[in-house]
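Since chain A is already given, all that's left is putting chain B on it; use the hints.
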Amino acid sequence: DARVTQTPRHKVTEMGQEVTMRCQPILGHNTVFWYRQTMMQGLELLAYFRNRAPLDDSGMPKDRFSAEMPDATLATLKIQPSEPRDSAVYFCASGPGRRAGSGNTIYFGEGSWLTVV
Amino acid sequence: AQSVTQLGSHVSVSEGALVLLRCNYSSSVPPYLFWYVQYPNQGLQLLLKYTTGATLVKGINGFEAEFKKSETSFHLTKPSAHMSDAAEYFCAVSGGGNEKLTFGTGTRLTIIP
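Protein chains in written order, with my numbering: chain A, 508 to 624; chain B, 22 to 134.
Calculated from the structure, these hints are not laboratory results. Please note: incorrect hints may appear among the correct ones.
Pairwise CB distance ranges (calculated) [unchecked claim]:
id: 1; chain 1: B; residue 1: Leu39; chain 2: A; residue 2: Ala509; range: 29 to 39 Å
id: 2; chain 1: A; residue 1: Thr514; chain 2: B; residue 2: Thr73; range: 34 to 44 Å
id: 3; chain 1: B; residue 1: Met104; chain 2: A; residue 2: Arg571; range: 40 to 50 Å
Some chain B residues well away from chain A (every beta-carbon gap over 12 Å; in silico) [what the hints assert, rightly or not]:
id: 4; residue: Glu36
id: 5; residue: Val40
id: 6; residue: Lys79
id: 7; residue: Asn82
id: 8; residue: Ser91
id: 9; residue: Ser94
id: 10; residue: Asp106
C-beta: ideal position from N, C-alpha, C; glycine also.
Extracted from the complex, chain A is given alone in its bound form:
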């Protein structure tokens, strides 16, 4: 059963610490997304990659957030330094990328639940 795998599932950290979240997209998928979910803002797109290249990171605070795809099987989202307002659920999702823009289904991981105290 192919699925998007995210680690860690839960993280509690102190303000100012670095946080790294990892995602393994579904094998063969070439588009990867990072979304953030909060009560106030709902689901926000932070970053979007196709074939490991960033296509859109306009939703990501550039001063403290960074997203990369070191290889096709790993996507990372890093926050440095973390702040209490970063507390949220961070979802990674992947898509097959066939005929981009044709309504491909995007598959979500279980999320990384981050609490910054």
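What follows is chain B alone, placed relative to chain A:
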């Protein structure tokens, strides 16, 4: 630019009653429309989607939705609610040559026994 409006952040229905969750979209290009469900402490799971062709689409767990271009709507329905349907439901839109989804704010569905 694309956007989604979900009317009603909370909807309660009795078990066995009709479920209707509303979604209206705005898109400058032909839209692809999705409904996702999120159970507590879990990720999002696709219920159904509209891409092209038949405007009435059927999904998992007995849900269906109808794409109405003239009304810019994509409402989600289920004839008879089950307790297991209690969850949060998100409508989303994509299109214009990329796959990124723009989500609505979600509707929390409560089922009354």
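Structure-based check of each hint:
Between Leu39 (chain B) and Ala509 (chain A) the CB atoms are about 34 Å apart, so this pair conforms to the stated range of 29 to 39 Å. Look at Thr514 (chain A) against Thr73 (chain B): about 37 Å separates their beta carbons, and that is inside 34 to 44 Å. A beta carbon spacing of about 42 Å between Met104 (chain B) and Arg571 (chain A) agrees with the range 40 to 50 Å that was offered as a hint. For Glu36 (chain B), the non-interface assignment is confirmed: its Cβ lies about 27 Å from the closest Cβ of chain A, beyond the 12 Å cut-off.
At roughly 21 Å, the least C-beta separation between Val40 (chain B) and chain A is larger than 12 Å, which holds for a residue marked as non-interface. Non-interface call for Lys79 (chain B) relative to chain A: holds, since the shortest CB-CB distance, roughly 15 Å, exceeds 12 Å. The claim that Asn82 (chain B) lies off the interface holds: its Cβ sits roughly 16 Å from the closest Cβ of chain A, which is beyond the 12 Å cut-off. Distance check for Ser91 (chain B) against chain A: the nearest CB is about 20 Å away, which clears 12 Å, and the non-interface claim stands.
No beta-carbon of chain A comes within 12 Å of the beta-carbon of Ser94 (chain B); the shortest separation is about 17 Å. Interface exclusion of Asp106 (chain B) from chain A stands, the closest Cβ pair being 19 Å apart, more than 12 Å.
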